[in-house]
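Visitor: Oh and the sequence shown: position 32 is 32 in our numbering, straight run, nothing missing.
Simulated from the structure, these hints should not be mistaken for lab results. A portion of the hints provided could be inaccurate.
[As the list claims (entries may be wrong)] Across the chosen pairs, the derived CB separations fall in these ranges:
hint: 1; residue 1: GLU48; residue 2: ASN106; range: 27 to 33 Å
hint: 2; residue 1: ASP152; residue 2: ILE59; range: 26 to 32 Å
hint: 3; residue 1: LYS49; residue 2: ASN215; range: 56 to 62 Å
hint: 4; residue 1: TRP176; residue 2: LEU138; range: 19 to 25 Å
Beta carbons: idealized from backbone N, C-alpha and C, even for Gly.
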Amino acid sequence: MIKRILMLLMLPFFLCSCSKDMVGTISFATWGSVTEVGVLRHAINEFEKQNPDIKINFIHIPQNYFQKIHLMFASNTPPDVIFLNNLYLPIYADYLEDLTKYTDKNAFYPQTLEGMSYHGKLLGIPRDISNLVFYVNLDKTSIPNDNWTINDLIKICERTANKSEFCLNYEDSVYWIMPYLAYFGGGILDENLNNIVNSEKSIEAINFYKSLKTNNYAPEKSQVGSSTLTQMFLEGKIVFYLSGRWMYPKISEKANFNWAVINFPNGEKPQYCDVSGWSVSKKSKQKENAIKFVQFLSSKKTSEYFANTDLIVPARKDIANIVNNNKHNSKVFLEVIDKSVSTPVSKNYNKLTDRLNKELDL
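Please model the complete structure; the sequences and the hints are all you need to start from.
Guide: So, in structure tokens, the structure goes:
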């Protein structure tokens, strides 16, 4: 009798344990702004509603993202799903699942698939594509011709630069020099992943970029002071502001002048673009569920959520026209894709650019 009573008392515990075991939990790591996190939480809620047997452990890492992801891989505790970009993808290539057969390649821009691939394997389903473009204060200058050149830019800079106003922003990072490298025909790595940063054309681009400060076309750090380059543009102190789609919502909200988006001058090479997307760890114990979640995140419907924030240019061609809203010449964000290639990267790419930042004092 006692044994039977004990069994009856333990029954709810066993039922509860079995119920928990039937629920698969996926860990999912990403960076992102408050707006992006809001979209992700909405997407996670939708996914969990559709898949009640799968739960998402959302890991938001707003700072030092890749350092922390690296530590998680090193300690053998990587997230099941990881948000990565093409600049870091090769570092983790050996630890990521090949998602080629889970992706409708016809739905995506080829550059995005190339960016999230390594050695012929698609290691992440693309979410967005990023090109650097110019935001222009139209109260200070007019929109240049689509085929404008660096010389045209310099002529405008010569007219606009003075002690209280600058033509361009200048960022201390190799990332921001990439459009100039492409214009002059240089780069960091070529398509065969050979180092070309010391080539004549790359050096020409680097010297040109550094001259923007010496010629007073762009502000020195001391001239920026406690402000930011974005704030200086919004205050009318910078005419041409080089940045990506992610800056569009802030400028739309804060700018009290006429402005538009224009392409970087056309040069010798196609512009370099960057790609971000969703990857799955090879060591995931919830691999089937993780792939299912990644397919949901990269679906047409979820991609529309992201595109409607104005923070990204979607990797999916079938919804890209969301970006072309006839405001501020937004069509440029799509037009530049056809003139761009995925940035060539290797496993040593980030070490190389870190060293260059120090050597070039960028």
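Visitor: Does the Cβ-Cβ separation between GLU48 and ASN106 fall within 27 to 33 Å?
Guide: This hint holds: roughly 29 Å between Cβ atoms.
Visitor: Quick one: are ASP152 and ILE59 within 26 to 32 Å, going by C-beta?
Guide: With Cβ atoms ~46 Å apart, the hint is violated.
Visitor: Could one say that the CB atoms of LYS49 and ASN215 fall in the range 56 to 62 Å?
Guide: Hint holds: Cβ distance 57 Å, inside 56 to 62 Å.
Visitor: Taking the beta carbons of TRP176 and LEU138, is their distance inside 19 to 25 Å?
Guide: holds (23 Å)
This entry does not satisfy hint 2, going by the numbered hints stated previously; all others are met.
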